[in-house]
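**Student:** Spelled out from the first residue to the last, the chains are:
Protein chains: 2
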Amino acid sequence: MSMAIPPAPPAIEGSRLRRLGIDTGAEHVVYLRADSAVCHSEGFASHSRIELRLGARRMLATLNTVENDMLALDEVGLSESAWRSLMPGRDERVLLAHPASVDSLASVRAKIFGKTLGEAELHAIVGDIVARRYSNIELAAFITAGCTDHFGLDEVVALTRAMVDTGTRLHWPQPLVVDKHCIGGLAGNRTTPIVVAIATAMGLIMPKTSSRAITSPAGTADTMAMLAPVELDEARMRQAVERTGGCIVWGGAMNMAPADDILIRVERALDIDSVGQMVASVLSKKIAAGSTHAVIDIPIGPTAKVRDAIQAQSLAHLLMQVGAALGLRLRVLLSDGSQPIGRGIGPALEAHDVLAVLQNHADAPADLRRRALQVTAAVLELGGAATAETAPAVAAQCLDSGRAWTRFQAICAAQGGMRTPGVAAFRQPVTATRAGHVVAIDNRRLSRAAKLAGAPNSPLAGLTLDAHLGDPVLPGQPLFTLHAQSPGELAYAMEYVSRHPDIVAVAAGA
Amino acid sequence: MSMAIPPAPPAIEGSRLRRLGIDTGAEHVVYLRADSAVCHSEGFASHSRIELRLGARRMLATLNTVENDMLALDEVGLSESAWRSLMPGRDERVLLAHPASVDSLASVRAKIFGKTLGEAELHAIVGDIVARRYSNIELAAFITAGCTDHFGLDEVVALTRAMVDTGTRLHWPQPLVVDKHCIGGLAGNRTTPIVVAIATAMGLIMPKTSSRAITSPAGTADTMAMLAPVELDEARMRQAVERTGGCIVWGGAMNMAPADDILIRVERALDIDSVGQMVASVLSKKIAAGSTHAVIDIPIGPTAKVRDAIQAQSLAHLLMQVGAALGLRLRVLLSDGSQPIGRGIGPALEAHDVLAVLQNHADAPADLRRRALQVTAAVLELGGAATAETAPAVAAQCLDSGRAWTRFQAICAAQGGMRTPGVAAFRQPVTATRAGHVVAIDNRRLSRAAKLAGAPNSPLAGLTLDAHLGDPVLPGQPLFTLHAQSPGELAYAMEYVSRHPDIVAVAAGA
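Which chain is which? The protein sequence lines are A and B, in order.
When we follow numbering that gives the first Met the number 0, the leftmost residue of the first sequence carries the number 0, and every step to the right adds one.
When we follow numbering that gives the first Met the number 0, the leftmost residue of the second sequence carries the number 0, and every step to the right adds one.
Simulated from the structure, these hints should not be mistaken for lab results.
In this text the structure is predicted, and so the values were computed from the model without any measurement.
Just so you know, not all the hints are guaranteed correct.
If chains are identical, the list can't say which one is meant, so a pair holds when it fits in one copy or spans any two.
[Claimed, not checked] Calculated pairs, SDA-like style, for lysine to any residue (alpha carbon to alpha carbon, straight line, at most 25 Å): (1) LYS114 / ILE309; (2) LYS114 / ASP470; (3) LYS114 / ASP465; (4) LYS304 / PRO87; (5) LYS304 / ARG242; (6) LYS114 / ALA99; (7) LYS114 / GLY251; (8) LYS114 / ALA466.
Turn these sequences into a full structure, and let the hints steer you where they fit.
**Tutor:** Right under this line is the structure:
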């Protein structure tokens, strides 16, 4: 002590909390009146980082000051994520303070300036991200710093491990657990239920956790939810796997690799994909799910996530290296991503396609069947249930014989009972105006039209593709059909389609 | 056209606007009910970027959805910055749309992946930043991508030029216009009024635009405002310069290099300084102010912005190179940044120091006088008003003779009339608890204590330093004295000081 200090003033009393219901995304935001005593005394200003203390709980949030009477002078407003994270009791009061610095940000700054990060540093960063100690701009800086070759192999391995370690990790009694993943999902590419049915029918263990749609018209979990319950807790999921060797459930409630969910939001907003972070994202989810072997499908196409073979090769190479370092055996498939797979886009419409393939309907979409069998053959071979030579035939025979369909019904029953997807009441075909051939399909705009029609929140909504690349069409012939559960949604989707007449492009000539 | 489309539904009617008074910083935010028709139909979700259309006006904003009745279903809430930017008329209604992509973001992404940017690309980026088309995370990505050697010399030159071109640029009739700047201001280092007084008295043209405090207890404009009006428009500023050869006014209203003000907020939040961006920031302001020659002072110290000589040298080198490329003649001074300069910290307290030096008071702070003369000598030499040999004596003689004080009074009169700063009513000394010598002064914490005491919003508040590095002190002797305009503010500052007893560190021994 070098200075004589008079007694400190009494500690500031806690403030009242108010739930504002504002969704600020992954970033917790706290709202204070700019003219409040605490802003004045603590020097808080908009974008200050503030620590909220509620009993033993601590939370970091970004400040937005409020200049009118939306808030009372002594109130502390919370964004929705902040409220849910703190879960304040009635009449509980909060203390606000300048936060201790987030130490791992020093490592982020070092990375920005070119340093290679070690395992402990990446673990601390990911731990702080999961604890929501990073603001959006801090997340953006971390993502930017790690783009392309700024993350070396060792860093991607450490990042992946840290993402696994900071969430739930499932363990299975069997030594060999197979999995599959498709990077940058192609609309309608709903192979998973078919692959799981065949692989488990052939004796493999495949406890599949899938995601709901984030930006797409349907995630695998949305489609599967049309056929059976998917929101199983871990105990009920294990029961299903014990009975049938597999499952197709929603992984979102299990907190596996939660850092990925936080980072992915900011990556999407920046519209940048770092190969290293993409690899860490995919593999951390597989390892957290307890998989030992996984097939990774990379569709390549001009409107797919991976746009050319060079990008795909470098992604495949890093996936294999990181998988090897973490004891996950991988098989990477590079596939055609130039157009949607199957006919339906939207939860129920994709479920109908899946059923048609599993039930061997005459009009089942041949491309979905082909793609599912291709992935399944890779899974069977990787899992030791067939050789490279026999796998295609084994997969096809399992499907053709009805064994896959039987197994799928068993899985649905084990998950809580099979369901039959309905059909949307409002439909509208979009037709060709001239004769020619389909020369291009814009995957992104097709997905957007399906979303405007209501998918995935209106689960019967979406669209069915009536023509594929290379198909000859005549004037008036349907190119695709919009499905909606309300006339308003149908109108919105049609309005979008009318502004983008080349979603399915037809060119004259042979 | 390849598809036949039925007529589109009628365009969506405009929505009512509501000013929410939320300060979201530089990023415009728009608030919509998550269950509103427009969120549903357009697929907007939190963190979507949205274009607002109001007549011919266009604005980009980030969406925060609202889950309760803070907003009506058909209302569009605007953050304070968004409201001020749009300035909607009464009953004007807004249309919301998906924005066209911001093309320059493709260049940011290219930079992230290692590309060198050209002049046109940097110009487009800076133009979009000034037009507020970048979200905070996009700004963070640009800043991160440009850190340290990721920006080459040509890029820094182009960035500086773009920052000048996207704002107001002053032009002066005289061929030689001098300026000065101090990087990473040291508390109390208020040399500018003294330098301007001497330089103009010696015949140089020095139309100084200064900033108000952003994070410090006082900016030069805050201090000068205690002595004369500083919020002059360009015409009145020109009048003052015509009469006296100089001025010391607030530059904030003149929109010079506005991109810098936007970027600096995010840099501060990230707590990273890119040398390239620091150089662009400093030099763009000088060039926009119409300067042809400038002295840049770089204080070096453990709690200053620039912490060591190596960092200072590389900064000085880049400053000289970029200045040369843009026709700005520079002289860089490396100075001691180990402790505050002068006695007062806070607008009025610093103004008292400035007056004491200009009036040659016996107790005027010698360090402030010495520093001001050092900078002035460099300005005189650079501006051709003296040689390297004569400049120190010329500067000192001008001050000692009272010519500088006379000129300063004339400048104040030309700016609207000289004022006398007052004295704060509440004061409290912080004293040494033991005998010894002052061995360290924490600049950052000292500034924070001055801010907690009320500076700069309470202009008489702050602190006076009663001992400097190396001074011997006895128990009970004041180390510094807090000044406040209210007992509450004094208590807040004392509470902070009590938690940080080593702001002025005293060690026993000779």
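**Student:** For each hint, tell me whether it holds in the structure or not.
**Tutor:** Against the structure, the hints come out as follows:
1. LYS114 / ILE309: between (27 Å within a copy, 18 Å between copies)
2. LYS114 / ASP470: neither (53 Å within a copy, 41 Å between copies)
3. LYS114 / ASP465: For LYS114 and ASP465, the Cα distance exceeds 25 Å both inside one copy (53 Å) and across copies (43 Å).
4. LYS304 / PRO87: neither (41 Å within a copy, 40 Å between copies)
5. LYS304 / ARG242: neither (36 Å within a copy, 65 Å between copies)
6. LYS114 / ALA99: Close inside one copy (24 Å), not across copies (37 Å); limit 25 Å.
7. LYS114 / GLY251: neither (34 Å within a copy, 37 Å between copies)
8. LYS114 / ALA466: neither (52 Å within a copy, 41 Å between copies)
Of the numbered hints stated above, those contradicted by the structure are hints 2, 3, 4, 5, 7, 8, listed in ascending order.
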